[in-house]
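So you can see what is in the structure, the chains are spelled out below.
2 protein chains.
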Amino acid sequence: MSLDSVLARIDQEMPQALDRLMELLRIPSISTDPAFKDDCQTAADWLVADLQSLGVDASKRETPGHPMVVGHVDGDGPHLLFYGHYDVQPVDPLELWDRDPFDPVLEDTPTGKVIRGRGSSDDKGQLMTFVEACRAWKAVHGTLPCKITFFFEGEEESGSPSLIPFLEEHKDELSADIALVCDTSMVSRGVPSIASQLRGMLKDEFTLTGPRIDLHSGHYGGPGLNPLRELARIVDSFYDAETGRVAVEGFYEGVHEVPDEQLRQWQNCGFDEGDYLGTVGYSQPHGEKAYSTLEQQWARPTLEINGLWGGYNGVGSKTVIPSKAHCKITCRLVGDMDPDALRDKIRKHVQDRLSPDLSVEWDNDLEGSRASVMNIARPEFESARQALSDEWNREAVFTGMGGSIPVVGFFKSILELDAMLVGYANEDDQIHSPNEKYDLESFHKGIRSWARILDALT
Amino acid sequence: MSLDSVLARIDQEMPQALDRLMELLRIPSISTDPAFKDDCQTAADWLVADLQSLGVDASKRETPGHPMVVGHVDGDGPHLLFYGHYDVQPVDPLELWDRDPFDPVLEDTPTGKVIRGRGSSDDKGQLMTFVEACRAWKAVHGTLPCKITFFFEGEEESGSPSLIPFLEEHKDELSADIALVCDTSMVSRGVPSIASQLRGMLKDEFTLTGPRIDLHSGHYGGPGLNPLRELARIVDSFYDAETGRVAVEGFYEGVHEVPDEQLRQWQNCGFDEGDYLGTVGYSQPHGEKAYSTLEQQWARPTLEINGLWGGYNGVGSKTVIPSKAHCKITCRLVGDMDPDALRDKIRKHVQDRLSPDLSVEWDNDLEGSRASVMNIARPEFESARQALSDEWNREAVFTGMGGSIPVVGFFKSILELDAMLVGYANEDDQIHSPNEKYDLESFHKGIRSWARILDALT
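These protein sequence lines map, in sequence, to chains Y and G. Going by this note's numbering, the first residue of the first sequence is number 35, and it counts up by one from there. Going by this note's numbering, the first residue of the second sequence is number 35, and it counts up by one from there.
One or more hints might be untrue.
Copies of one chain are not kept apart here, so a pair can be met inside one copy or by any two copies together.
Claimed, not checked - Derived EDC-like pairs: lysine to aspartate or glutamate, alpha-carbon spacing no greater than 16 Å straight-line: (1) 172 - 47; (2) 358 - 129; (3) 358 - 126.
Honestly, the hints are just simulated from the structure, not real lab data. Everything numeric in this text was worked out from a predicted model, so none of it was measured.
Modelling step: build the complete structure from the supplied sequences, incorporating the hints.
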């Protein structure tokens, strides 16, 4: 009964909820680029003010990087910690956006209304689903449903450098019974999903140096070592074309096969392979040939090249043999893969393949995080699964996830806190890409879903 | 006697000659980048005015690209056509320059005074050696030594798109007995050199497209085809690591071995392999293992990668699988290699290696030119060789050259004009690189050398 009033309030408040989200989306809080440092501050201030309007004791906490936002509200029943991040990915290549990434708009599309703009899905839109659910609850009941700690980060897209020290320093303040995280997607349109495992992440970057200076390809073309050619050789050596496997020695240490039982579940969780591949222009999967698309995405590790550059890339041509070539790498980790051990293996692989007169430098400021598996035996998972099934009129499923949410591992290792990941994004949201969007249905039903979950947990 | 007066005049006029060169170097006439279109006009205007000050009937000739400068002066004896180019290479990476590339300065270095700045060596400094020789001659004799046509181009560094139509349209106006070209270097410091053969050039550029849009490496890492990884695979497939040869089928068609007699000459021409490699940080040659460094540079073809880029190259990291990857190529051609046929072979090589879901687009606006061999049996070559030997107190030599000067081929095919290439640059001039320089000795003795050659030819 009281849940119905909260749900009704949510429906009626949608225009205002949308306005609030648009306001937040207009703040270009790109965390990877120092040029947007002030905007990250602005986004944090905006969230502090919004939480305060809910009667939450909220404040901005400075870090060496971008600030955290922490808010507390007291109450009976379980103590929930809700996590989201207010920072967003860079927007390049800007020319591929159909509009200003930070001038969000509600658009009609063949699959329904969408909220278009950077961060609409990852993660501002998802973060606000929980906040709006709390707002509606408060409007109906005068209080929030239980004791809640709000914890918003501003460095998720840049490796969360300040997260570990902050968690360690505020261990007591951030203690709770369970963490709720809204930063994941649904396995398929309309299929409510709880992520039961996440891949970990390793980031690295190297620069190859050949000649001391850029050279003229007429004077040195032939005798001259070209670092771009060397980079291609080394990057290609990372892979075995036959099997699609990574060829770095020891890369698969700590990787486990998916149990048959879980594999069966996944095969029936509503994942639409054709839609998943087709929507981005693929006719087939391109990973390890011995594994299904779902396993390649959720249960197998990767070594991905995220950036490659060197020489001349301007208008026209330049007959140059450049001095340097650059490469950005990320690996997705599964099972018990150890990021630090893997970093050493990759660096050794490159070191072992350097030609005479070729040297390599590594960026040593990049983070790594292990994969994590959720404790779905906890009763909150079944309660949430039921609540989601009710809202979406479709059996909610436990899924794997290809992405990485390092905070989940740190909640466990530092705060001894289990996390439950519920998100409403769709695979076609184009997060980290031009023209990112969040379905209005994801936003609306997402808010309603949290209201139902809060009701079920309290 | 009168030659001595001209040489004396040159020595005495050096400060003014240097001021004039500095003026020309301050004009950022980068031809490959449309942003500098007006500066190319300014450089052409400057040259027209300077030639007119010598009593030359000079004018700027517009083209679809950057203008040509043509000047005529009448006289007895042979009819010489002098060619140089006033355009320069781009300056990136700008951060590697010790000063503004277009704020030239005279610097003291361990190997003597140098003129530092973009274009100081390639080709403004070299072009002005001939103009200053004419100026001194005129000051002493009241006239220039013979009938001379001056022909300055502004698109040499961008593939000379307007050159062929211009030569065809002005075939009669540009006819002469022989062309003199000052755009080459000396085989070794202090060793006067006449280039007897040049490599040709083929330029091409391609873009690989994988997914329709940039992808999140968490959502698609594994099943997703990554065009950066594909680009590395394809670029690596261009080469045979064992032999150092290019692995494109039919690449070496039209390549001839160097005759033993010529090889012996080259081996004794004063080329210092250790200096040539060591000055840029190489401990050994990196080309075809079956050939000497000199052959790799002068007599063997190359397939060089001048630019590679795709994905994220900004500050921090971005977990992206990009939609596109880009590659700029130039080939140096020798013997009878046909640029058009070679272009087809390279494109077929790439086409044959595309994975499913990977497509390629080629830039079709890039030029090619064949290699050329000079007609050193003409008497002018021996006269010039003697004049150079006198100036440098060192036997002048006929050398090969790794660079490409397409205009030489077009002079022959369109104007039926033989060319003689005499230049005073040094291998360490860092042309096409940051901190380009031209030795003051090259400039001074270069001017004196042209005076001696003019005297010898008339």
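Quick rundown of the hints versus the structure:
1. Taking the closest pair of Cα atoms, residue 172 and residue 47 come within 16 Å of each other only inside a single copy of the chain (13 Å); across copies the shortest separation is 89 Å, beyond that limit.
2. Taking the shortest Cα distances, residue 358 and residue 129 sit within 16 Å of each other only across copies (13 Å), while inside one copy they are farther apart (27 Å).
3. In the homo-oligomer, the alpha carbons of residue 358 and residue 126 lie at most 16 Å apart only across protomers (13 Å), although the nearest pairing inside one protomer, at 23 Å, exceeds that limit.
When the structure is compared with the earlier hints, no violation turns up for any of them.
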